[in-house]
Amino acid sequence: MVPVDYYIALSALLFVLGALGVLIRRNPLIVFMSVELMLNAANLAFVAFSSVFKTFNGQIFVFFVIAVAAAEVAVGLALIVEIFKSRKNINIDELNSLKG
Amino acid sequence: MTSDLIVFLVLSLIAIASALGMLFSKNAVYSALFLVLNFITVAVFYLLLGAPFIAMAQITVYAGAVMVLFLFVIMLLGAESLAPSQALPWQKPLAFTLALVLVVEAVYIILSRAQLTAAVASPDASLNSMDSLREMAMMLFNNYLLPFEVTSILLLVAMVGAIVLAKQEKVGLK
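In order, the protein sequence lines correspond to chains A and B. Take 1 as the starting number for the first sequence in the numbering used here and just add one per residue. Take 1001 as the starting number for the second sequence in the numbering used here and just add one per residue.
The hints are simulated quantities; they were obtained by calculation from the structure and are not laboratory data. Backbone N, C-alpha and C define an ideal beta-carbon position, used for all residues, glycine too. It cannot be assumed that every hint is accurate.
Far from chain B, by Cβ distances over 10 Å, these chain A residues were calculated [what the hints assert, rightly or not]:
#, residue
1, R26
2, S97
3, L98
Computed spacing ranges between beta-carbons, pair by pair [to be verified]:
#, chain 1, residue 1, chain 2, residue 2, range
4, A, K54, B, S1081, 44 to 50 Å
5, A, M1, B, K1026, 37 to 43 Å
6, B, G1064, A, F53, 27 to 33 Å
7, A, V65, B, L1133, 15 to 21 Å
8, B, L1013, A, E94, 34 to 40 Å
9, A, N96, B, V1007, 42 to 48 Å
10, B, A1017, A, V68, 51 to 57 Å
Next up, chain A with everything else stripped away, as it sits in the complex (with noise of 0.2 Å):
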């Protein structure tokens, strides 16, 4: 039996993991890939407090949030594909200005 604490932290850390390559990548694909770390952390915690409670709205909830990620990714990935053939460069310190 493993408490439910030990998960919640692990989401945590995965969670912080995240947020840290959010704020210390320039690649804007590698930051994509942190957000979805970000969203698998909390898919974690999800499923661990339904598995306490002992109902599924959290494993529900977890396959919006699987859908949804999907789609943002679709959409993301093309946006990155867009700005890299406009400007040559997808360093995002270099990505400042929003007119084409």
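Fit chain B to the known structure of chain A by using the hints.
Positioned in the frame of chain A, the structure of chain B alone reads:
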């Protein structure tokens, strides 16, 4: 120490190590592969928690579809490694400090009240998977029918959006 706890500790070490590898590897392809490893360990956690359907969805959608899309884009753009820029030199130490503060705070708060909450049910108690799957499907298509439909519209909109964004514009055609 029970076997559950040992499995949990080993898997969480792998999960944290692969997250760190994702953060600090120089090549974006290695980052993506480390993230796949992380997703798979999280899927095993879902199995341990008695959520087999979510574990399979995690592997097919995240480790399969999403990461293949990532690898395609990384290789398409040739963005394996970008030149480091020095636009905000103070940002890195500040980010590390803040992350350390956040993690200490979170783990302290969670583990300091550890005795209050229940233990996770061991998987064999809740893993007679067809029953749990049927119950989850009943809940999804009864209580959560409207969110389900909204999600399908969201996926349609995202698909159309991605196609419109990635479409080649015809230059010179009026």
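Structure-based check of all given hints:
1. R26: At roughly 6 Å from the nearest Cβ of chain B, A/R26 sits no farther out than 10 Å, so the non-interface label is violated.
2. S97: 14 Å, holds
3. L98: 16 Å, holds
4. A/K54 to B/S1081: 44 to 50 Å: 47 Å, holds
5. A/M1 to B/K1026: 37 to 43 Å: 41 Å, holds
6. B/G1064 to A/F53: 27 to 33 Å: 30 Å, holds
7. A/V65 to B/L1133: 15 to 21 Å: This hint holds: roughly 19 Å between Cβ atoms.
8. B/L1013 to A/E94: 34 to 40 Å: The hinted range 34 to 40 Å holds for B/L1013 and A/E94, with Cβ atoms some 37 Å apart.
9. A/N96 to B/V1007: 42 to 48 Å: 46 Å, holds
10. B/A1017 to A/V68: 51 to 57 Å: At roughly 28 Å between Cβ atoms, A/V68 and B/A1017 fall outside 51 to 57 Å, so the hint is violated.
This entry does not satisfy hints 1, 10, going by the numbered hints stated previously.
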